[in-house]
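We have chain A already, so just place chain B with the ligands on it with the hints.
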Amino acid sequence: MKYTIIGNSFASVFAVESIRKTDSKGEIRLISEEEGPAYSPAMLHEYLSGVASKGLLYLRPSDFYEKNGVEAILGSRVDKVDAAARTLSMGRKKLEFKKLLIAAGMTPFVPPGIKGLSGFDNVFTFTRKTSADSMLRKIKGVDSAVVLGGGLIGLQCAEGLAHAGIKVTVVELADNILPLALDDDAAGMVLEELRQEGVNVITGNTIVQINGRKGKIESVTLRSGEKIKCGMVVVAVGVRPNVDFLKDSGIKIDRGILVDERMRTNIKDIYAAGDCAQGLEILSGKKMPIPIIPIATKQGSVAGYNMAGKNEIYPGGLSLNALQFGGLQVVSYGFVRDEEKAEVLKDRDHQGNRYKKIILKDGRISGVILLRHIERAGLFRYLIENKTVVEGFKENLMLWNFGVAHLPKDVRDAMFTRPV
Amino acid sequence: MKRVYPKEENCMNCRLCEVACIVEHSDSKDPLGAYFVEGMGFNSAAGEGIIDPADALEAGKPRPLNRISVSLRGYSSISTNCRHCSDASCVLACKNGSLYYDDAGRVRLREDKCVGCWMCLMACEFGAITRNPAAKNVPKVRKNGINHHCDLCPERSSPACVMVCPTGALVYEERL
Ligand SMILES: Cc1cc2nc3c(=O)[nH]c(=O)nc-3n(C[C@H](O)[C@H](O)[C@H](O)COP(=O)(O)OP(=O)(O)OC[C@H]3O[C@@H](n4cnc5c(N)ncnc54)[C@H](O)[C@@H]3O)c2cc1C
Ligand code: SF4
Ligand code: SF4
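Those protein sequences? They're chains A and B, same order as listed.
If you count by my numbering, then the first sequence holds residues 1 to 420, one letter each, in order.
If you count by my numbering, then the second sequence holds residues 1 to 176, one letter each, in order.
If we strip away everything but chain A, and leave its shape as in the complex, we get (with noise of 0.2 Å):
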């Protein structure tokens, strides 16, 4: 066996796709906890309210392991990898690897200090299919639910809680919500788009007790002294790198696991990708977890080419992001709330509601927010991760008609005339 990938998401999916680019015979074996095909976490407020039908879900076609001549171990844990002797271990079942990939993902992180938390059934996290699954089963019995934290994967599982007809809360320990993508302003206009989609939002506050009695969830307490009535509670505060099996292991982790330009760990023949690594972020320069879909995808696809032979760099991830809630969208990049010793240009447009804002350092763009007008968005990702020097033209960002021919003809050249 050639390959050994574990994990079936996002970041495999890709390695799996650049291995077969690259070396279209060596036998790959991809092992995950879960049951079944690889389908998108991002997709499970849609699944949860089921505007979405269960087809959307999945990643890729049903063949797809088969085509690719890989070999899927499916509901199986792996608990332990010993670098220095190369194998895996999955309960007793020991195996041994040539070339091994970890993309493991993320876990959710469940802080501690709530009381009650562990005493009853209707508790969720909200980041795998089989908690979307279980919530399903128990969301009839409920009519209104809290969920602590205002993050991506809080609003998202608040607004699919909402559409399937419950009565939600969210409670977020920040003054604002989506405090990573999005500043005060960003964050003021969503909170009302979530309001008309009958999600209620409480800021600068958590939940301090779970209340209820034999297993059923009643209320919860806040730190303000506040009691919410509810009968189910999702904590989704954040998610952190999935990395604890590999405690003792000999693979070098700091939050996430290490990983170079190759998406190489310390040890030679393994590899990360994904949300459980920590790679190179672009404009810092540190290495840091990003846990979203572009990165693992990534990270992904250059571990596999470089695992099948191919030399392949990875130029380093920046933060993106394009959110829905409701009919608004909204896409931000890199860093948006970092204004220390920069130029910060700003539109809101009130009359279409619409907002922009460009965060300059140095002469170059180094966050994004667009609302409501995402048009075209992209070039400003090309802008960022090229370093491009904006300086001599920064006035043509802000048009909101901002177009190919508002850049600079040397970028319009490098980017049009020859093949990506």
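Among the hints, erroneous ones may be present.
[As the list claims (entries may be wrong)] DEER-style ranges, computed between Cβ atoms:
id: 1; chain 1: A; residue 1: Ala85; chain 2: B; residue 2: Ala135; range: 49 to 57 Å
id: 2; chain 1: A; residue 1: Leu74; chain 2: B; residue 2: Gly105; range: 25 to 33 Å
id: 3; chain 1: B; residue 1: Ala104; chain 2: A; residue 2: Pro111; range: 47 to 55 Å
id: 4; chain 1: A; residue 1: Asp254; chain 2: B; residue 2: Tyr100; range: 29 to 37 Å
id: 5; chain 1: A; residue 1: Val344; chain 2: B; residue 2: Pro31; range: 39 to 47 Å
id: 6; chain 1: B; residue 1: Ala135; chain 2: A; residue 2: Ser284; range: 36 to 44 Å
id: 7; chain 1: A; residue 1: Pro61; chain 2: B; residue 2: Ser76; range: 42 to 50 Å
id: 8; chain 1: A; residue 1: Leu136; chain 2: B; residue 2: Tyr75; range: 53 to 61 Å
id: 9; chain 1: B; residue 1: Ala135; chain 2: A; residue 2: Gln351; range: 23 to 31 Å
id: 10; chain 1: B; residue 1: Ala135; chain 2: A; residue 2: Glu395; range: 46 to 54 Å
id: 11; chain 1: B; residue 1: Lys29; chain 2: A; residue 2: Lys67; range: 31 to 39 Å
id: 12; chain 1: B; residue 1: Ala104; chain 2: A; residue 2: Glu66; range: 21 to 29 Å
These are calculated hints, taken from the structure and not from any lab test.
Glycine is no exception: its CB is placed at the ideal position from the N, C-alpha and C atoms.
Here is chain B with the ligands on its own, set in the frame of chain A:
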């Protein structure tokens, strides 16, 4: 693989490429039919003060959307569309695997799968993706639509935009 490349010195902002694209992807394959029967008026994704295509749809005026668009600044203009990248950013970003490479290497959309989350639009560095509100797969989401980008006219030997351009401002060729 052959791709469409702009030759901006030749572009005179006539936007015939946009028209040809809309007509090619219409049911009637006829300009009058495409513009006045299937849709009302036309849209340029590069135009000033864009009306959200979804608003247009809600107002009962669905507009056929061009997959190539001319960007204008002062007297200079350039027509651009999807680059059909290898290891494309849009494919890497798609939330649920709606984008794929066909056998010829073109980046294509599974129209019945796209959920209109706009991860692709956010990810494409070339600004080549627009929102097509005329189709939707998650009806409960307001202003839902699907990904819209150049498909290189799979039924033709050379894309409609390249064929129609009177000044050769678009070429279809293999480059290294
Ligand atoms: C509700 C929700 C919404 C999201 N929305 C977005 C969004 O809109 N945009 C965006 O960019 N990102 C979003 N994300 C993040 C995105 O889903 C992740 O970045 C992406 O799934 C990472 O892929 P991955 O392959 O690294 O890991 P994961 O998707 O976490 O998959 C890990 C895989 O490893 C397996 N595994 C884990 N441990 C073991 C083990 N010990 N043994 C065997 N198998 C194991 C798991 O079963 C799974 O198959 C969202 C996430 C969630 C939960
Ligand atoms: S849509 Fe954009 S990222 Fe995707 S293939 Fe076309 S140019 Fe490349
Ligand atoms: S809008 Fe459609 S094609 Fe684009 S990322 Fe979302 S699901 Fe994929």
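We went through each hint and held it up to the structure:
At about 53 Å, the beta-carbon gap between A:Ala85 and B:Ala135 stays in the expected band of 49 to 57 Å. A hinted range of 25 to 33 Å holds for the C-beta pair A:Leu74 and B:Gly105, which are about 31 Å apart. Separation of B:Ala104 from A:Pro111 is about 51 Å and conforms to the stated range, judged on CB atoms against 47 to 55 Å. As the Cβ distance of A:Asp254 to B:Tyr100 is approximately 35 Å, the hint placing it in 29 to 37 Å holds.
At roughly 46 Å, the beta-carbon separation of A:Val344 and B:Pro31 lies within the given 39 to 47 Å, and the hint holds. Between B:Ala135 and A:Ser284 the C-beta distance comes to about 40 Å, which sits within the given range of 36 to 44 Å. Between A:Pro61 and B:Ser76 the beta carbons are some 44 Å apart, a value that agrees with the proposed interval 42 to 50 Å. Evaluation of the 53 to 61 Å hint for A:Leu136 and B:Tyr75 yields a pass: the beta carbon distance comes to about 59 Å.
Hint check: B:Ala135 to A:Gln351, Cβ distance near 29 Å, so the stated range 23 to 31 Å holds. In this structure, B:Ala135 and A:Glu395 break the distance hint of 46 to 54 Å, their C-beta atoms being roughly 37 Å apart. Range check, B:Lys29 to A:Lys67: about 35 Å between beta-carbon atoms, so the 31 to 39 Å window is met. One distance hint, 21 to 29 Å for the beta-carbon pair B:Ala104 and A:Glu66, holds here, with the actual separation near 23 Å.
Hint 10 from the list above is the single one not met by this structure.
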